[in-house]
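**Q** Chain by chain, the residues run as shown.
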Amino acid sequence: MALVLTEEQTMLRDSARGLLADKAPVSHLRQLRDEQSPDGLSRALWQTFAEMGFAGLLVPEAFGGSGLGMVEAGVVMEEIGRNLTPSPFLATAVIAAAALTHGGSAAHQQAYLPAIAAGSLLATLAIDEGAKHRPLHTALQATRAGNGFRLSGSKALVIDGHLADLVIVAARSAGNPGDRDGLTLLLVDAKASGLTIERTAMLDYHNAARLEFDNVEVTSDSVLGELDHGAALLERVLNIGRVAVASELLGVAEGVFARTVAYLKERKQFGRLIGEFQALQHRAAHLYVEIEITRAAVLKAAQALDSDPERAAALVAVAKAKAGSTATLAVQEGVQMHGGMGMTDAFDIGFFMKRARVCQELFGDSNYHAEQLARLKGY
Amino acid sequence: MTDTSSDLDQFRRETRQWLEANCPPEMRRPIESDDEMFWGGRNPSYASEPQRLWFERMRDKGWTVPHWPRQYGGGGLDAERTKILRQEMAAISARQPLMSFGVSMLGPALLKYGTEAQKLEHLPKIARGEIRWCQGYSEPNAGSDLASLQTRAESDGDDFIINGQKIWTSYANYADWIFCLVRTDPTAKKHEGISFILFDMASPGVSTKPILLISGKSPFCETFFDNVRVPKANVVGTINRGWDVAKYLLQHERTMISGMGDRSGGRPLGLLAADSIGTDAQGRLDDPMLRAQIASFEIDEVALSCAAERAIDLAKAGQLHPAFSSAMKYYGTELNKRRHELLMAAGGIDALEWDSDRSQQGAKARAWLRTKANSIEGGTSEVMLGIVAKRILDLPGA
Chain A
0 MALVLTEEQT MLRDSARGLL ADKAPVSHLR QLRDEQSPDG LSRALWQTFA
50 EMGFAGLLVP EAFGGSGLGM VEAGVVMEEI GRNLTPSPFL ATAVIAAAAL
100 THGGSAAHQQ AYLPAIAAGS LLATLAIDEG AKHRPLHTAL QATRAGNGFR
150 LSGSKALVID GHLADLVIVA ARSAGNPGDR DGLTLLLVDA KASGLTIERT
200 AMLDYHNAAR LEFDNVEVTS DSVLGELDHG AALLERVLNI GRVAVASELL
250 GVAEGVFART VAYLKERKQF GRLIGEFQAL QHRAAHLYVE IEITRAAVLK
300 AAQALDSDPE RAAALVAVAK AKAGSTATLA VQEGVQMHGG MGMTDAFDIG
350 FFMKRARVCQ ELFGDSNYHA EQLARLKGY
Chain B
0 MTDTSSDLDQ FRRETRQWLE ANCPPEMRRP IESDDEMFWG GRNPSYASEP
50 QRLWFERMRD KGWTVPHWPR QYGGGGLDAE RTKILRQEMA AISARQPLMS
100 FGVSMLGPAL LKYGTEAQKL EHLPKIARGE IRWCQGYSEP NAGSDLASLQ
150 TRAESDGDDF IINGQKIWTS YANYADWIFC LVRTDPTAKK HEGISFILFD
200 MASPGVSTKP ILLISGKSPF CETFFDNVRV PKANVVGTIN RGWDVAKYLL
250 QHERTMISGM GDRSGGRPLG LLAADSIGTD AQGRLDDPML RAQIASFEID
300 EVALSCAAER AIDLAKAGQL HPAFSSAMKY YGTELNKRRH ELLMAAGGID
350 ALEWDSDRSQ QGAKARAWLR TKANSIEGGT SEVMLGIVAK RILDLPGA
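Quick note, the sequences are listed as chains A and B, same order. According to numbering that gives the first Met the number 0, the first sequence holds residues 0 to 378 in order. According to numbering that gives the first Met the number 0, the second sequence holds residues 0 to 397 in order.
Derived from the structure by calculation, the hints contain no laboratory data. Take these hints with a grain of salt, some might be off.
As the list claims (entries may be wrong) - A partial selection of chain A residues facing chain B, derived with a Cβ cut-off under 7 Å: (1) L272; (2) E275; (3) Q280; (4) A283; (5) Y287; (6) V317; (7) L372; (8) K376; (9) Y378.
Said to hold, decoys possible - Chain A residues, not near chain B, derived (Cβ > 12 Å throughout): (10) L44; (11) A49; (12) L135; (13) G147; (14) A189; (15) G193; (16) D213.
As the list claims (entries may be wrong) - According to the in silico footprint, chain B covers these stretches of chain A (three or more CB under 8 Å from chain B): (17) 0-14; (18) 258-267; (19) 292-301.
Please read these numbers as outputs of a predicted model, since none were measured by experiment. Just so you know, even glycine gets a beta-carbon here, dropped at the ideal spot from N, CA and C.
With the rest of the complex left out, here is chain A (with noise of 0.2 Å):
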């Protein structure tokens, strides 16, 4: 498979580019902060992305959706990183969507993806307990009762715990924390009782919550995938969520580079561009080349997921952990070349700095991957 874009691939995403410059550029970030917008995202866009066939992406054909792939959803998320937009995109139509693709019972899949593609339905994943990504240090307890399960435990950085339907829990069913065994996605109504949700504002303005459980009931039908052994089906749905991440790193960057190399055509100091700087241009040079190396990782991750699911790993560590390190860099070289403008609120390289901080912890930070990189060669 060659390592560019196909033609479809290139039109979807020159619409999605498109409709993000002009729908929700930055500007559309600052207008939600600025109005302290308590959905934190615009509702209409996200009916928007569902009639463009964004929202049911990755949803099967048969359940109403495009049935594509990574590299698709990737495309979309670069977008979604270059322009800052906060849309229920990743939660609900990346992550939700696949964990119930590959883990659902024909009944959860035709209870959850038509509504998903059609936009109707919200839907996140809660993983995180403690300060790091750590999903086999889940505790969250389920402990059987009757027929079902009674959840206690917290979760935190859950990605629009507040706008959601519908949550998928990460719970420990058996075995201590740490354990690869013992691990059980289960479906949760955001609306159950025992469950308190807590909005938490975050530095980049983008949707999270604590959640709360508090022996919180579920059924025996609420088991996503298989009882105790679901930490295949969770690394499986959490990769998609880290190249999802690491595209939107890759556009973040992007849209930082983009930002920084026009202002070192523009900005005249000791009375010329400040451009003309040969510290700044090999500094911009390098960032340029840690962009370009990212976006062909990125792409091999996103493909490998979709051809080859099962020795995809050592490749998804690859691409979030360099997308977090690179995107890092471009949101500090964006500061610093803009020098004191870049630490107004009123110029836009703030927004990316904030942005990137959150995406680097999300399903693993570089250190996170490169741990796993050593892991999975054997050293």
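We have chain A; now place chain B onto it with these hints.
**A** Same frame as chain A, but now just chain B:
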């Protein structure tokens, strides 16, 4: 007729079978030192019988240059099949059968700028490894500022008379022919009086002198020209327009250098380090800081190999920026220096030995020192960044 995927699958199967039957087991290990490479030439020197067999079998298929047209000695494969052949060779860690500046540098320039007679004369001999080429570019006062070169070629009837000196000429002392930049118009602006010319290193007046490097080896030479007579017909492209040829060739040289550190068929660096240092109770490399550095290096290395693959695919689709080879050259060489720093750290005390058989005569240390030239030769990292800034980012005054 368009290929179906089943045509390509069949080519993949046949290629795999052929490689399985024809690539000797000894040729399925990564090359560890320069002595293990085969360079061809008038007086070829084989390091081993398997090396000779492997070269001859690949040569007879035209697979030393699988993508060149058949009439020039190539394999005549299209881009898809060339990629499949590379993938199948990589899958069994098959070595390149022939190292050759003719293949990696001069060939592409001749294919683009050469006359039909020049192509027919030189390309088949390159493909068959019969002539070993060297590159006459740098001079003592023309390094990063290559276009200021002063080697003169003065007109004398149908010939040029060449006088001057080149430096850093890789393997000039073993080369049969040279592709060389000479000044044919000393009155023109510096980029506009240069010609690209080919001549036999056995011509009267050519002499070479190896330069001893910090690695204790001499891969480079000084090369002197004292009234060397060369036919004007040996100029590639137009007289005084040699800079175009030179730049085009440099793109290929930079691509080649960026891939020099690629040992992806070999044992992962972390495992090499574990062989040397040992592991802790959980099987992890027993040097946590080095382990972290290696993992971080490997992320960049895998990402770079993706970028190299993508560059080939972009070129095929006609979407590759011509200056992108400078980006790859910069990143690849800096990464290769990092690799060898880590290899030295992994080798520790053992990697410090310089002469012992135990250390294969200091192979690790010498290779480490040699890589320091990677970010200088073929254009320094700083020159590469300048090219990216100017030609890709379009920054002012660069």
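**Q** Report holds or violated for the interface hint on A:Y287, using the least CB-CB distance to chain B and a cut-off of 7 Å.
**A** holds (6 Å)
**Q** Beyond 12 Å on every Cβ pair: is that true for A:L135 relative to chain B?
**A** The claim stands: A:L135 keeps its Cβ more than 12 Å from every Cβ of chain B (closest is about 15 Å).
**Q** Beyond 12 Å from chain B, beta-carbon-wise, is A:G193?
**A** holds (39 Å)
**Q** For the hint on A:L272, does the least C-beta distance to chain B fall short of 7 Å?
**A** At about 5 Å, which falls below the 7 Å cut-off, the nearest Cβ of chain B leaves the hint on A:L272 intact, so it holds.
**Q** How about the region 258-267 of chain A: do at least three of its residues have a C-beta closer than 8 Å to a C-beta of chain B?
**A** This one holds; 3 residues, not fewer than the three required, reach chain B with a Cβ under 8 Å.
**Q** Should the interface hint for A:E275 be scored as holding, given a Cβ-Cβ cut-off of 7 Å against chain B?
**A** Hint holds; A:E275 Cβ to chain B Cβ min 4 Å, cut 7 Å.
**Q** Does the closest beta carbon of chain B sit nearer than 7 Å to the beta carbon of A:A283?
**A** holds (6 Å)
**Q** Mind checking the CB of A:Q280 against every CB in chain B and telling me if the closest is under 7 Å?
**A** holds (4 Å)
**Q** Closer than 8 Å, Cβ to Cβ, for at least three residues: run that test on the region 292-301 of chain A against chain B and report holds or violated.
**A** holds (count 7)
**Q** Under 8 Å between beta-carbons, do enough residues of the region 0-14 of chain A, three at least, approach chain B for the coverage claim to hold?
**A** Holds: 3 residues of the region 0-14 of chain A have a Cβ under 8 Å from chain B.
**Q** Regarding the assertion that A:G147 does not contact chain B, is the least Cβ-Cβ distance greater than 12 Å?
**A** holds (38 Å)
**Q** Would the hint on A:L372 stand, with a C-beta cut-off of 7 Å toward chain B?
**A** holds (5 Å)
Taken one by one, the earlier hints all hold for this structure without exception.
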